[in-house]
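Each chain, written out:
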Amino acid sequence: MAELYEELGLSEDEYRDIVRLLGREPSKVELGMYSLMWSEHCSYKSSKMVLAQLPTRASYVLQGPGENAGIIDVGGGLAVAFKLESHNHPSAVEPYQGAATGIGGIVRDIFTMGARPIACLDPLRFGSLDSPRQRYLFNGVIAGIAGYGNCLGIPTVAGDIYFDECYEGNILVNVMCIGIMPKENLIRGLATGVGNAVVLMGNRTGRDGIGGASILASQEFDETSQEKRPSVQVGDPFTEKLLIEACLELLEKDLLVGLQDLGAAGISCACSETAARGGVGMRIDLEHVPLREEMDPFEIMISESQERMLAIAEPEKLDEVLGICERWGLNAVVIGEVTEGDTLEINWYGEKVVEVPASSLASGPVYDRPAEKPSYIDEVQSVNIAAVDHPPDLNRVLLDLVSGPNLCDKRMVYEQYDHMVQLNTVIYPGSDAAVLRVKDTSKALAVSVDGNSRYVYLDPYTGTQIAVAEAARNVVAAGGVPMALTNCLNFGNPERPDIFWQFKESVRGLADAARYLELPVVSGNVSFYNESFGTAIYPTPVVGMVGLIGNLDNRRTIAFPEEGLLVVMLGDTVDELGGSEYLKLVHGMVAGRPPAVDLRMEKGVQTTCIEGIRRGIILSAHDCSEGGAAVALLECSCSGIGASLEFASALAPVSWLFSESQSRFVVTIREEELEALRKLADGRKVPVHVLGRTSGDRLIINDWIDLAVGEMRSAREEALEERLKA
Amino acid sequence: MRFGVVVFPGSNCEMDCYYVIDKVLREDVEYVWHQQTDVSAYDCLVLPGGFSYGDYLRCGAIARFSPVMDAVADFARGGGLVIGICNGFQILLEAGLLPGAMLRNTSLSFICRFVNVRVENADSPWTNAVRAGQVLRIPIAHGEGNYSADAETHARLVEKGQVILRYCDEAGETGGPSNPNGSIDDIAGICNEGFNVFGLMPHPERASEAILGSTDGLLIWESVMAHYRGRG
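Keeping their order, the protein sequence lines are chains A and B. For the first sequence, my numbering gives the first residue as 75, with consecutive numbering after it. For the second sequence, my numbering gives the first residue as 13, with consecutive numbering after it.
Each hint should be verified, as a subset may be incorrect.
Here are a few chain B residues that face chain A, going by a calculated C-beta distance under 8 Å [unchecked claim]:
#1 GLY22
#2 GLY62
#3 TYR65
#4 ARG218
#5 ALA222
Derived by calculation from the structure, the hints in this document are not laboratory data. Just so we're clear, the structure is a prediction, and the values are computed from it rather than from any experiment. For every residue, glycine included, the Cβ atom is placed at its ideal position computed from N, Cα and C.
One chain only, chain A, in its complex shape (with noise of 0.2 Å):
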């Protein structure tokens, strides 16, 4: 046993509270299950106690961290659920079928609620493009998502996607789900009930993703890490849209008690889960499992082949749940049973393989993990940014920047993104949010994910509040109100002292932004091991925002409308270049501290911007974020209309035009509607800044900025397939 629960991936105090919990040597079997429901990705061991400072509360949640996604209530009998999570390290070994099958995965999670999933958002971070091995992973991570996301019907609407080196051996690949139900529709992953059955739907099971969660997601990656792609899953989504549709139908017409998908530690995770949230036993007999191939009992449990539900069943229900399921063609047969007591019992053609509490398996050990303040924060935040050169031309700057890889418009990917079907999406990707509708309703639902991970990197406090800010910006800008968020924090090895400093700090800054800003957090994911050859990614929390529209017509995108209107900027720009798009581009640097941020300036700023929505008095909004006002403003004319600006500033032109200052939009009025555009402003301590007119087919700044839309279009638009031919 010793070696074995060593490769599985347990540490030897761990072993021995298994040992000790059971009161004598678990079987393999049962070592197995301890070893997927004991690792980081399925116990969150490290990550428990900081999380626990989140806040979590609002009046509208429904369901917050701890089930399969969170849920609010958005009025009128309906509830939103949805989620962000991680399938970083499946999609760097086999990047078609990892990403695939994280869509898989966080649309299940959705589903199971008893939600129909109504959008996809996909957060992708990678190396840079100039290697073949980066274009490789970034074809096939897109390649994956649209394969599954389209056939399943669900649109994929935003998303971000941002190239660093750091990200060289260890891309992410975040997914977001977000679905709709009526509220009483919505069931939980629970079994209760004693002499209820547990019903096994969708795949057969096979050898595909043996020991996912342990071995890839619970580990850095090293020179054995292309040997691991047997431990990657295999995706079908036809038999998923099935699940999707079966799954909902069982619940429209109530004949479920609870439902759980099978994800990481497959049935274990799913039985243990389920009983330990129902405070019930559960008895599997694990030979009625159907198989693709000859399997054993270890390997049935540990299995993560895809597309498998779990669902449990009044006895007199059954013969509809079966039938059902039959008639969307799909296996479902009952493998077992709830008893009572927490004990769950697993045989394999009557011969007991597995006797333990479910609970134990379910709460696994907790780490308050060491924590030091990394050394090189202090070195790069004192780095004199300052004394750069900056180039005289700052057309060319501006070209450059919106033709960078970060900044170039994205449109070749979500084009091989159904972000259509279902027809709810109103404002597509592209926007600082999307805009879904509810149908037969006058709302809207605004989404956005944010994270810019080299300002989380310089600090991890304040980056990260940055990403609350910003995503919830994102979601301002297109007329809605932020109601909840969702994250995925990615990080190295929390062993290390210094990865687990930015975890904490990057989680208290979380926190904070949150609290101040009225935002529940009601589910996330924690990935961490991402680090290749012993160097960690930037740390990289990201952030899901979902906001609402009460009034389908308070939609706004960032376009400059027409002619002949006041372009305003609400908030201030500060001399703020540290950590910026531009000083990574134009000067190779990451250095500098981020941009302030300061919470209670944003929440005015946001606020002033809604109701200036709201009243009809703005009519396009768009934040500033990565490459600053100037980026922000090239994007607002790139749909045609272009401006003419004249203002007097105090600040160098580079920095006006560049700093990443935070707090800030980008808002079209008329000219006859200002007053009450400061009157808002004012009452909140908001600075309103007019700086010219929407005009003709130039973007013109001061004396500092002279191009025509059509060049700035192409810059933007001709950069990424550019790049990828390379």
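For chain A, the structure is supplied; the task is to place chain B on it using the hints.
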């Protein structure tokens, strides 16, 4: 007028078609399950887009063997109105109800975006509410929409006016980059010889409400309704 929207396992635009017929056109509509063998209750059958049977093997190749397809074929042979959108078009080709075949897009990628199509024949049941030469803005969303046919079939389609839609630019010019997938002769939609069966790659149900960016797709629905009511 009563529409039947055929549901294959893996269809994913059936709810969109249903929604538009029910809420926008305000006509009667029902789902037709792929195992159903009687479709006589309907005035028009819609084969929606999606990935029937996962599009495993080849788009539409398995769906054509669904029990409902015999009924659809009989319905079509009797002059019944059948429209196949995207995957529905691919199924009609596989079932032999329309001539030709579909290849992968020349880009080898799935493409989802608005395109322009020119109406080549405005006398069909599907286009009688449109002017010949009118340009419609309707989205496509497919990985295999590269229409192909042998020279003889192609010539016959052209000669008999069975080419209904061609990809074009905003001004209605065909040829060049406005063809998104490599289809021969920029073909985006065709009819059978009787003009009662119509297959097209663009999704008219995605362009039937102003809030979605275009109402040009409505013209196709309105044409078939006008035809049915004898005014077409």
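Violations among the numbered hints, reported as their numbers in ascending order: Going through the list in order, the structure violates hint 5 alone and respects the others.
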